[in-house]
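Asker: Just so you know, the sequences run in chain order A and B. In this text, residue positions in the first sequence follow the UniProt record's numbering: the first is 1, and each later residue adds one. In this text, residue positions in the second sequence follow the UniProt record's numbering: the first is 1, and each later residue adds one.
Watch out, some of these pointers could steer you wrong.
No copy is singled out in the list; a pair is fine if it fits within one copy or between any two copies.
[Claimed, not checked] With a straight-line cut-off of 20 Å between C-alpha atoms, the simulated DMTMM-like cross-links for lysine to aspartate or glutamate are:
no. : residue 1 : residue 2
1   : K2        : D27
2   : K108      : E211
3   : K3        : D136
4   : K301      : D95
5   : K89       : D205
In case anyone wonders, no lab produced these hints; they're calculated from the structure.
2 protein chains.
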Amino acid sequence: MKKHNFNAGPCILPDVALENTAKAVVDLDGTGLSVLTISHRSKEFDAIIEETKALWRELLNIPENYHILFLGGGASLQFCMVPYNLLQKKAAYLDTGTWASKAIKEAKLFGEVEVVASSSDKNYSYIPKGFNIPTDADYFHITTNNTIYGTEIKEDIDCPVTLVADMSSDIMSRPVDIKKYGLIYGGAQKNVGPAGVTFVIIREDILGKVERQIPTMLNYKTHIDKGSMFNTPPCGAIYTMRETLKWLKGIGGVEKINELNKKKAELLYNAIDNSKMFVGTAEKDSRSIMNVCFVMKPDYKEKEAEFLEFAKNAGMVGIKGHRSVGGFRASIYNALPIESVQALVDCMKEFEKQNA
Amino acid sequence: MKKHNFNAGPCILPDVALENTAKAVVDLDGTGLSVLTISHRSKEFDAIIEETKALWRELLNIPENYHILFLGGGASLQFCMVPYNLLQKKAAYLDTGTWASKAIKEAKLFGEVEVVASSSDKNYSYIPKGFNIPTDADYFHITTNNTIYGTEIKEDIDCPVTLVADMSSDIMSRPVDIKKYGLIYGGAQKNVGPAGVTFVIIREDILGKVERQIPTMLNYKTHIDKGSMFNTPPCGAIYTMRETLKWLKGIGGVEKINELNKKKAELLYNAIDNSKMFVGTAEKDSRSIMNVCFVMKPDYKEKEAEFLEFAKNAGMVGIKGHRSVGGFRASIYNALPIESVQALVDCMKEFEKQNA
Numbered sequence: 001m002k003k004h005n006f007n008a009g010p011c012i013l014p015d016v017a018l019e020n021t022a023k024a025v026v027d028l029d030g031t032g033l034s035v036l037t038i039s040h041r042s043k044e045f046d047a048i049i050e051e052t053k054a055l056w057r058e059l060l061n062i063p064e065n066y067h068i069l070f071l072g073g074g075a076s077l078q079f080c081m082v083p084y085n086l087l088q089k090k091a092a093y094l095d096t097g098t099w100a101s102k103a104i105k106e107a108k109l110f111g112e113v114e115v116v117a118s119s120s121d122k123n124y125s126y127i128p129k130g131f132n133i134p135t136d137a138d139y140f141h142i143t144t145n146n147t148i149y150g151t152e153i154k155e156d157i158d159c160p161v162t163l164v165a166d167m168s169s170d171i172m173s174r175p176v177d178i179k180k181y182g183l184i185y186g187g188a189q190k191n192v193g194p195a196g197v198t199f200v201i202i203r204e205d206i207l208g209k210v211e212r213q214i215p216t217m218l219n220y221k222t223h224i225d226k227g228s229m230f231n232t233p234p235c236g237a238i239y240t241m242r243e244t245l246k247w248l249k250g251i252g253g254v255e256k257i258n259e260l261n262k263k264k265a266e267l268l269y270n271a272i273d274n275s276k277m278f279v280g281t282a283e284k285d286s287r288s289i290m291n292v293c294f295v296m297k298p299d300y301k302e303k304e305a306e307f308l309e310f311a312k313n314a315g316m317v318g319i320k321g322h323r324s325v326g327g328f329r330a331s332i333y334n335a336l337p338i339e340s341v342q343a344l345v346d347c348m349k350e351f352e353k354q355n356a
Numbered sequence: 001m002k003k004h005n006f007n008a009g010p011c012i013l014p015d016v017a018l019e020n021t022a023k024a025v026v027d028l029d030g031t032g033l034s035v036l037t038i039s040h041r042s043k044e045f046d047a048i049i050e051e052t053k054a055l056w057r058e059l060l061n062i063p064e065n066y067h068i069l070f071l072g073g074g075a076s077l078q079f080c081m082v083p084y085n086l087l088q089k090k091a092a093y094l095d096t097g098t099w100a101s102k103a104i105k106e107a108k109l110f111g112e113v114e115v116v117a118s119s120s121d122k123n124y125s126y127i128p129k130g131f132n133i134p135t136d137a138d139y140f141h142i143t144t145n146n147t148i149y150g151t152e153i154k155e156d157i158d159c160p161v162t163l164v165a166d167m168s169s170d171i172m173s174r175p176v177d178i179k180k181y182g183l184i185y186g187g188a189q190k191n192v193g194p195a196g197v198t199f200v201i202i203r204e205d206i207l208g209k210v211e212r213q214i215p216t217m218l219n220y221k222t223h224i225d226k227g228s229m230f231n232t233p234p235c236g237a238i239y240t241m242r243e244t245l246k247w248l249k250g251i252g253g254v255e256k257i258n259e260l261n262k263k264k265a266e267l268l269y270n271a272i273d274n275s276k277m278f279v280g281t282a283e284k285d286s287r288s289i290m291n292v293c294f295v296m297k298p299d300y301k302e303k304e305a306e307f308l309e310f311a312k313n314a315g316m317v318g319i320k321g322h323r324s325v326g327g328f329r330a331s332i333y334n335a336l337p338i339e340s341v342q343a344l345v346d347c348m349k350e351f352e353k354q355n356a
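Next comes chain A alone, as it looks inside the complex (with noise of 0.2 Å):
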């Protein structure tokens, strides 16, 4: 039976990358050698490497001013190295749930935090708006895509200070302003490759302006002077993502993906609301075009369980929510096709049929 992919991260792929990958894991383009075993110092690598910072690059309309680092970790040993690097006095937060939190609570032991919104009220259900970013911030950390809630900010703000983001989980699902930003963060494990790699887009002038002594491997300086390679990259999750984003340019690009997104998450968005028993969590002006999170109605709030073993019959993959909302969520993200997402609408139809 067919899998429908909605994994939160790491999640689906685009085939052709796993196909490629695959083939350089036993033998990397004819040298007789896999991508995991050939030397990160060798040429081969090194055109890999580049080719994925210049795809990089050509996709999100990168600046020359930025550099593109590929780091190991994940986005959550950023949360401290954001702090570690920027924060000198105080920096700014938005709360806008479970990652947000935590990156917060790094920044605390680094310095001043001040929280200049959150929407713990309402279990994250919605992005906050109409905050004061105080001025005298070292920098404003954001959280773009909030996966778990389902909320997002689809928008670049405008930002009095340095703007930091986290952008795990919307990465490459639209066209950004890189412009707007001084360090842009996130795991690859959702649109841009597999678990592994970290990316980094960074202005170097944000650089430089803290006391403290940063150990090495923590310090962006080293990693922008290396171009990413002052220890041993993550090789293989590299040449993933250089399949990945191959696959992106190939379909068209951010502005491509961007429509098609926004067709998906339409789609199924549509499907909830017109249902009579399940209900989405994320207030509307904030839904993410990644995650859609929704519940049963109280109605039918037994039927849970009933309806993730019956879309689990169907090929749906990935589906359960996290425990933080409850209830179903479906990942939607760039490789994921409309198939899958009018397989699950159709499986809701269809259980709504036999249960409403």
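Take the given structure of chain A and dock chain B to it, following the hints.
Answerer: Positioned in the frame of chain A, the structure of chain B alone reads:
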């Protein structure tokens, strides 16, 4: 032409590990999903990571009071994680080369560092002996194998304080008396897998003795408490690690591989010692069985580039020495068959016949 992969890392891995990885990248055990696209919280991935830990425990006979962690960031990140977690007042380090020096540099950010001995006087061509480990040190740090210089501490030393070892390049090459160590770490990309995953073997009671606050991701306790699943682990790299360890178990484990490694090293060192043209750079009693470093004797120095080309044409990959030593380095890790060592020896003899 068959390639003989003498890369220093990333390096040769068992063919079966690569083949199985390639299959799992396309379809993991008939799940219809890829090892790169299943959830790290799925029962399938849970089984993979648990089996990987069990293989570590079995192969190295790791006692129950030690945890086995799989992290990101490389051994270089451990250079700061070790002192962050363990250095309250003073740490002792043995300086055996570039990597040891890098570890020392990071430790100095956290407290007093006593370098008990160094072989920098002879370009790190030997392992210092007869040094005193201060009993008031929080720990003593060693680098068991020095990839660049071809030296190795081949026995588990007795240590009056917590012993911490970077075993990046000789882990699993020989039996280790784990009980003598408080913490062992390393990048996987030599004997145990591809780049992108870092192993840590740690006895929990060495923790909790420093007063500083430790960022969450840099705190070993975080990863112990969550079984390396605090955040998304490098799933693909862990899969290849499991396949590599299964291969090692299949051929007879670390005792068997140690025999084979010794034979490979003996074959190559004998060829060097019996050569008119080549000479080893490491002192004999300090020689590594993983990285064999050698140069041309003074009379033939100008032939080095020519030999590199000659060897390359015979299928030898990665035998150029590190710039710190020059000449040649053959990395003969676990997965390298003795046939490749024989091919290199034949190549050296042929070159000598033609040129000496």
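Asker: Each hint should be assessed against the structure and marked as holding or not.
Answerer: Hints, one by one, checked against the model:
{"no.": "1", "hint": "K2 <-> D27", "in the structure": "between (29 Å within a copy, 12 Å between copies)"}
{"no.": "2", "hint": "K108 <-> E211", "in the structure": "both (16 Å within a copy, 17 Å between copies)"}
{"no.": "3", "hint": "K3 <-> D136", "in the structure": "neither (50 Å within a copy, 59 Å between copies)"}
{"no.": "4", "hint": "K301 <-> D95", "in the structure": "neither (29 Å within a copy, 64 Å between copies)"}
{"no.": "5", "hint": "K89 <-> D205", "in the structure": "within (18 Å within a copy, 35 Å between copies)"}
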